[in-house]
Amino acid sequence: MNRQVSTAFNLPHFHLTFLFLSALQARFASTKAQASQNSKQIAAVTTGIVGTAALAYSLVDNTVSANMADEGLHPPAHPWYHKSPIHTFDHAAVRRGYQVYREVCSACHSLDRIAWRNLIDVSHSEDEVKAMAEEVEYEDGPDDEGEMFQRPGKPSDYMPKPYPNEEAARAGNAGALPPDLSLIIKARHGGADYVFALLTGYVDAPAGVEVREGLNYNPYFPGGAIAMARVLFDGLVEYEDGTPATSSQMARDVTTFLAWAAEPEHDDRKKMGMKATIILSTLTLLTVYIKRFKWAPLKTRKIIYNPPK
Amino acid sequence: MPAPKIATVPHFGFITPEKLVRVAPSAAVWGAAAGAAVLLLGSDIPIIKRDILSKVPFVGSYWAVAAPAQDEE
Amino acid sequence: MSLANTFYNTLVKKNSVFVATIFASAFAFEVAFDTTSTRVWDSLNKGKQWKDIKDKYVQ
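Residue numbers (UniProt numbering), protein chains in the order written: chain A, 1 to 309; chain B, 1 to 73; chain C, 1 to 59.
Hint data in this document are derived by calculation from the structure and do not stem from the laboratory. Note that the structure is a prediction, hence the values are computed from the model and not measured. C-beta: ideal position from N, C-alpha, C; glycine also. Some clues are possibly wrong.
To be verified - Computed footprint of chain B on chain C, listed as stretches where at least three residues anywhere in the stretch have a Cβ under 8 Å from a Cβ of chain B: (1) 24-32; (2) 48-55.
Claimed, not checked - Heads up, simulated DSS-like pairs for lysine-lysine below, C-alpha to C-alpha not over 27 Å straight-line: (3) A/Lys309 with A/Lys83; (4) A/Lys275 with C/Lys48; (5) A/Lys294 with C/Lys14; (6) A/Lys275 with C/Lys51; (7) A/Lys154 with C/Lys56; (8) A/Lys130 with C/Lys14.
Using the sequences plus the hints, can you model the full thing?
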């Protein structure tokens with residue numbers, strides 16, 4: 001039983017290139033008897049893996065290609081509140097954005113997953129929502145005679161659709177279907193940055209680029225030719241809180257509104273996330289300390305061999 | 001040796017009044033523990049919030065149930 | 001050292017007291033942690049939440 005006495009004095013000589021190995025050896029000093037003998041092999045395999053990965057990446061994900069228009073121009077990044085882990089939506093912007101949606105976008109775009117009641121205590125008070133819902137007629141029934149009838153809306157009803165079905169929507173928009181907006185921020189690559197860039201990105205087509213009749217040029221739209229024309233112009237909407245309604249302000253507000261519509265749980269989720277992070281990291285640190293405390297006798301034990309005389 | 005005198009006490013199975021008296025203080029604390037557990041695990045239930053927790057002297061307002069806004073009419 | 005002893009003798013030695021203390025402390029911690037978190041959250045997000053703007057619109 002020739003066990004080596006494992007102490008710190010038994011570390012191998014300091015090897016410049018393999019600094020991490022000596023740190024590893026110090027870490028496992030109590031359980032490993034000798035330094036790793038195949039450090040050269042480890043270095044060779046690591047280089048091989050890194051080299052192969054770099055080669056594969058350069059072949060597969062080239063940064064520039066001849067067909068960038070197909071991807072759409074990459075939208076610039078804006079400091080939306082919802083990118084931060086500790087910020088809620090700007091609810092004043094959500095309210096203004098709802099006004100923009102109602103006055104501009106709802107002519108063509110549905111918002112099927114949002115009911116009137118979802119707005120309560122987010123952007124409008126309960127009374128306001130009831131009043132807004134009552135202005136819209138909904139079909140209900142059948143009544144006692146078996147007839148369907150119209151009734152004023154209530155908070156449990158969903159947002160009214162601009163068209164009764166997809167065919168009517170296409171007929172009203174030269175064959176193009178205006179997508180439902182309730183999840184558009186999550187559904188499009190680029191999210192809020194993309195939608196904002198799209199709404200404010202209508203420009204004249206560059207020289208040589210032909211856009212067919214009925215389509216409009218927008219560099220952010222994949223392919224470059226989008227069926228929707230520019231809809232946001234300065235002063236189109238009159239904000240009730242007096243904010244000047246420039247087209248970029250309206251775009252920012254409606255994008256914030258749509259971001260809320262796609263993730264109505266966002267504010268609560270982030271607050272809960274902050275609380276969970278604090279508690280779990282505290283418990284983790286506690287766990288690490290307790291484990292090391294309980295293991296200390298084992299980690300610091302010495303084994304002594306007294307050979308027989 | 002004279003015959004041993006066996007005296008029995010009133011009992012219900014193995015439960016005797018003497019045992020009850022001995023175990024009563026501990027049982028009382030266990031009751032308090034169970035009550036604390038119910039309040040903790042049920043602290044989100046409206047009935048418990050309304051009837052028990054909001055009535056606690058200093059901190060009761062933490063559980064106050066928000067009254068729904070009344071119509072103007 | 002004697003603080004640990006006092007702690008053990010009063011709160012840990014009898015299991016009934018131990019369990020009751022655990023539930024009561026969890027209860028108190030929940031109230032305190034939630035109140036503090038809400039206050040921190042509200043100050044981080046001053047002016048953005050519905051409760052900050054609702055006074056303009058609620059009758």
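Cross-check of the supplied hints:
Against chain B, the segment 24-32 of chain C contributes 5 residues with a C-beta closer than 8 Å to a partner C-beta. That satisfies the three-residue criterion, and the hint holds. For the segment 48-55 of chain C, the stated coverage by chain B is violated: 0 residues have a C-beta nearer than 8 Å to a C-beta of that chain, whereas at least 3 were required. Taking the CA atoms of A/Lys309 and A/Lys83, the gap is near 74 Å; set against the 27 Å cutoff, the hint is violated. Restraint check: the Cα-Cα separation between A/Lys275 and C/Lys48 comes to about 20 Å, which is no more than 27 Å; the hinted pair holds.
A C-alpha spacing of about 24 Å is found between A/Lys294 and C/Lys14, which places the hinted pair at or below 27 Å, so the restraint holds. Of the pairs offered as hints, the one joining A/Lys275 and C/Lys51 holds, with about 20 Å between alpha carbons and a cut-off of 27 Å not exceeded. Between A/Lys154 and C/Lys56 the CA atoms are separated by roughly 23 Å; this keeps the pair inside 27 Å, and the hint holds. A C-alpha spacing of about 58 Å is found between A/Lys130 and C/Lys14, which places the hinted pair above 27 Å, so the restraint is violated.
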